[in-house]
Amino acid sequence: MENKYTKKYVKVIAEFEEDGRIIPLRIFWEDGRVFEIDRILDVRPGVSRKVGGQGIRYLCRILNKEVCLFYEEPRWYVESK
Amino acid sequence: MDRVILHSDMNSFYASVECLYHPEFQGLPVAVGGNPKNRHGIILAKNQLAREAGVKTGEALWEARAKSPQLIIVEPNFERYLKFSKMARKIYYRYSELVEPFGLDEAWIDVTGSTHIYGSGEAIARKISREIQSELGLTVSIGVSFNKIFAKFGSDYKKPDAITVITRENYQEIVWERGVGELLYVGRSTGKKLMKYGIYTIGDLAKSSMDFLKCQLGKMGVILWDFANGLDNSPVKWFDENYNGNERVIKSIGNSITTPRDIENTKDMKLVMYMLTESVAMRLRETDCYCQTVAIHIRTKELRSFTRQMKLSKPSDLTGEIGEAAILLFNQNYDFSSPVRSLGVRAADLVPNTVPIQLDLFGHEEERIRQGRLDITIDGLRKRYGNHSVRRAVTIGDTMSCMDPKKDHVIYPLRYF
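Those protein sequence lines, which keep their order, are chains R and V.
Numbering follows full-length UniProt numbering, in which position 45 of the first sequence is assigned residue number 45; successive positions increment by one, without gaps.
Numbering follows full-length UniProt numbering, in which position 90 of the second sequence is assigned residue number 90; successive positions increment by one, without gaps.
One thing to keep in mind: the hints can contain errors.
Short derived list, chain V residues pointing at chain R, Cβ under 7 Å [said to hold, decoys possible]:
hint, residue
1, H22
2, P23
3, E135
4, G137
5, F362
Calculated lysine-lysine pairs in the DSS-like style (CA-CA distance at most 25 Å, straight line) [unchecked claim]:
hint, chain 1, residue 1, chain 2, residue 2
6, R, K7, V, K83
7, R, K50, V, K67
8, R, K81, R, K8
9, R, K65, R, K11
10, R, K8, V, K83
11, R, K81, R, K65
12, V, K86, R, K50
Covered by chain V, according to a simulated footprint, are these stretches of chain R (three or more residues, beta-carbon under 8 Å) [what the hints assert, rightly or not]:
hint, stretch
13, 39 to 48
14, 51 to 61
What the hints contain is simulated information worked out from the structure, not anything from laboratory work.
Just so you know, even glycine gets a beta-carbon here, dropped at the ideal spot from N, CA and C.
One chain only, chain V, in its complex shape (with noise of 0.2 Å):
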C-alpha cells in the first residue's frame, strides 16, 4: 500500500503571526524585518500584500520601502513564532506521531496509519488546515501525495490555503510541467548546470538518464532522478514533541553574527570570537560533546565569504582551547585587507565526552582539568543569573558586548538528509 504523507506549510508565517496581534494592520502590507542599526536590515518575510507589492525575502528594507512606501516593517518576535510552531504541530499529533518539521513553518505527516480513522490523506488535510485557521488564526498550505518530495512540492504548489493532492496517477500532469527549479534540493547552481544540457523541466529530469545525471552531479543525480520520477521512499522521521530544534543527529555545533559594526582590527576581532566561542562551548558541553575540529567562517564587507578549519590536537570541550584555535585560524588565514562583516565560528567532528583520551607525557593536563572545571562552574553562573553575569574581561566596555549569541540562538539549521 502507498504511504499517506501530507507536507503542511504555514504561509508567510512570521508575517501572519504578526498581523493576528496587530489587528489594526489588516489591509495594509506588513514584512517581518530585522534591526538595520544592528545590521540586520533584511525582509524575513512578508504578507500578501507585501508580496503583491514586489517586496521579496531576503532584500534590504530600505529596497522593500521603495516599492511598497506604506509598508509596515515590525521586529521578529522569534519566541513567538516558536511558541505557534509548537502549537501547530500539537495539531498534526492529533492525527499522527509521525510528524516530522522541516523549519519553524513547515512539518511532513505521514498519516498512512491513522487513514481509516480519520478518512483520506485529504480530508485529514482538511481537517488540519480548519483546526489551525480556527485555534491559531493562520492558513496552511498542505501537499498530499504518496512520498515526501512530491507532498513538499504539493504545498508549495497552491498558495495560500490550499490542499493540492498529487497521486500516482496525475503527477506527470502536475509535476512534470513545472520548472526543475522547483524540486527540493534543485537550487540555483544546480538549475543552471540542468539547464545546460536542456533539462527545463521536472519531466526534462525525470526522462534523462540516470548514468548522464551521476556523471554531472555525482551522487546527487541519482538521488534527483529518484525525486523526479516519484521514487522518492526516506521515511518522515519520528520525532521528540518537547524538542524544539530540528537536527536529531547532530554533526556540528556553531554560531555566526553579523557585527553591528566592521570588525577590521584583531582586538574587535578576538571579542567577537570570544563571544561566539562561549555560546559554541558551552552548547557543546549541554551535549555532552567533544569537537575535534574547529572552524571558522568569516564574510567580508563586499560579502565574500569562506571558511577555514583545523584539527585540535585532543578532543575538548574547553571554552579557551576553541577560542584559541579560531583566533589562531583567522590570524593564519586573514589579514584584514577589507573590514569583516560576520563571523562565525563552529565546532566539529563531535565525539561523546565519555571517549578515552589520549594523554601525553608533557602536555598540561591537570591545567585542561581545571579549566574544564572553570567552564562548568561558569555554565552554572550563567545559567543561574543569565548569560552576561560572568563574562571575559575582553568583552567590557564595548558596544558590541551587548549581543548575546547564545541566547539568541533559538532556530537550528536544517537539513533534509
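Only chain R is shown next, with the shape it has when bound in the complex (with noise of 0.2 Å):
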C-alpha cells in the first residue's frame, strides 16, 4: 500500500515547565519557514499509525489548521504529506 505521509522530524522551541510539562511553542520547516504554535488543543500519549510511531501527541492549531506534533523522545515529528 502506497503511503502518502513520512515521518518528518523537526526542530522545535519548546517550554520546560516547573512541574515537567513540556509545551512546544514554535516548529522550523526545512525550508526556513517557522510556524507559530497558536494553540494547544490536546496533549497525551498517542500512536501515529500514518507513520508509525508512539510518543506524546500535542494536537495543535498552526495558521488555523489542526496539526498533531509528537514527541517521541528524543525527537519531535510531525506526520508530513
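Using the supplied hints, reconstruct the complex from the two chains, each of which is provided in its own coordinate frame.
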C-alpha cells in the first residue's frame, strides 16, 4: 500500500515548565519557514498510524489548521504529506 | 466479597509493536524472528495474518517462510518492547496499585478496591482496552474474574481485542468445557499424564478426586485441582513500578547463550563459560549476594540438554571462582562426544553478602579479598565504559567475543509461584 505520509523530524522550540510539562512553541520547517503554534488543543500519549510511531501527541492549531506534533523522545516529528 | 481481578494480555505483542513502527507492513503477514546468522533463527512472535498462514511461534525461520512466502521477518527490538510494556503498566496503575506483571505482555490487576470509583470489572477492562488502543496503538485481551487463574483463562479465551468475564455463575460453562491443557501450569507432560486417566477437560479435572490427583502428580495435583475448581486464592502481588524484572525474591541468577558456532573444544568452552560467568557474577554483585552453588546447563547439537551443579566450598561472588567451578563441572560431566550448541551458567543458593563466612587456616583469604576488590574495580570500569572495556584475555580475537550476555540479557525469567 502506498503511504502518502512521511515521518518528518522537525526542530522545535519548547518551554519546560516547573512541573515537568513540555510545551512546544514554534516549529522550524526544513525550507526555513517558522510556524508559531497558536494553541495546544490536546496533549496525551498517542500513536501515529500514518507514519508509525508512539509518543506524546500534541494536537496544535497552526495557521487555523490542526496539526499533530509528536514528541518521541528525544525527537519531535510531524506527519507530513 | 469476591475479588475482581483482571488479566490483560497484549495481542501478538512484539509483532504489533513492530507493525506500529512500520505502517508499510499493513495488510501483510509479519513475524519477529531472531538472527539466523547467530543461530537464533526462530519465530518469536507473529501478527494475525501470519498466524492465519499457519506460522507458529518457536519454529525455524525457513519453516515459516515455506508456509508463507511473503512473510516479513523483522529482528526483535527488546528495548522498544520494554518501553511499551512499561507504558502499558502505567495505564494499569491508573486503576489499581496492585499490578503483577507476567512477562512483558501480560499482567494481573486487582481492581477490587477501585470498583466503586470506576465501575464493574468489565467496565474497567473496557476503559483499559480503550486507553491502550489509543495511547499505545495495541489491542489487548482481558479476562475478568474472581481469581487469577480464571482471569488468565479469560484473557486467552477470546483473542484478539476481547473481554471475557468469568463469574461464579458461568465458569462451569466456560472453563470446564475446555481441554485441560488450557489451564495454567498444565503443560505437555502433565496433560499427557492426565489424559492417561481419562481427564480430558478442565471439568473432568475439577470433578476428579483430589486424593487421586495428589497420588499421581504430588502437590501439583492439589494445586491444579484448586485451579480447576476456582479455588485459587493467590494474591496479585504488589510490584515496584520502576523495576523492570518480574522476580521479587531472586532464587538464582543465570545466563545462557546459543553460540554462533558449535563448541567443540575446551578453548571455546572456556571462552564462553568465562563470558557467561562475567555477566552472572556481575549481576550477583549488583544484588549484593553470594552464591553457594554453581550450576551449568549444556545443550548438544542434537538438542539434548542436561544440567549439573556443585556446591562451592565457601559462598562467593568472585568471577574467578564461579568460572573455575563452571569449567570443572563441564570437564567432569562432558567429553565433547557431540558438539555443544548452547551453554548456561547459573549461580544458585543465594545468601546475602553480609553473612559471616567460616575462614580456614590454610585458605588464601588474602588472595580472595584482593580478587574481590579487582572484581569491583572492573565492574566500575564496565559500568562507565561498557561491558567490553575490560575483557579476559581468552575472549580476545574471537568472533564469538562480540556477544555481551550482560547487556543483551534484558528479560528475566518468571514463575507463577
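Note to self: Name the hints, by number, that the structure is in violation of.
What the structure shows: 5 and 7
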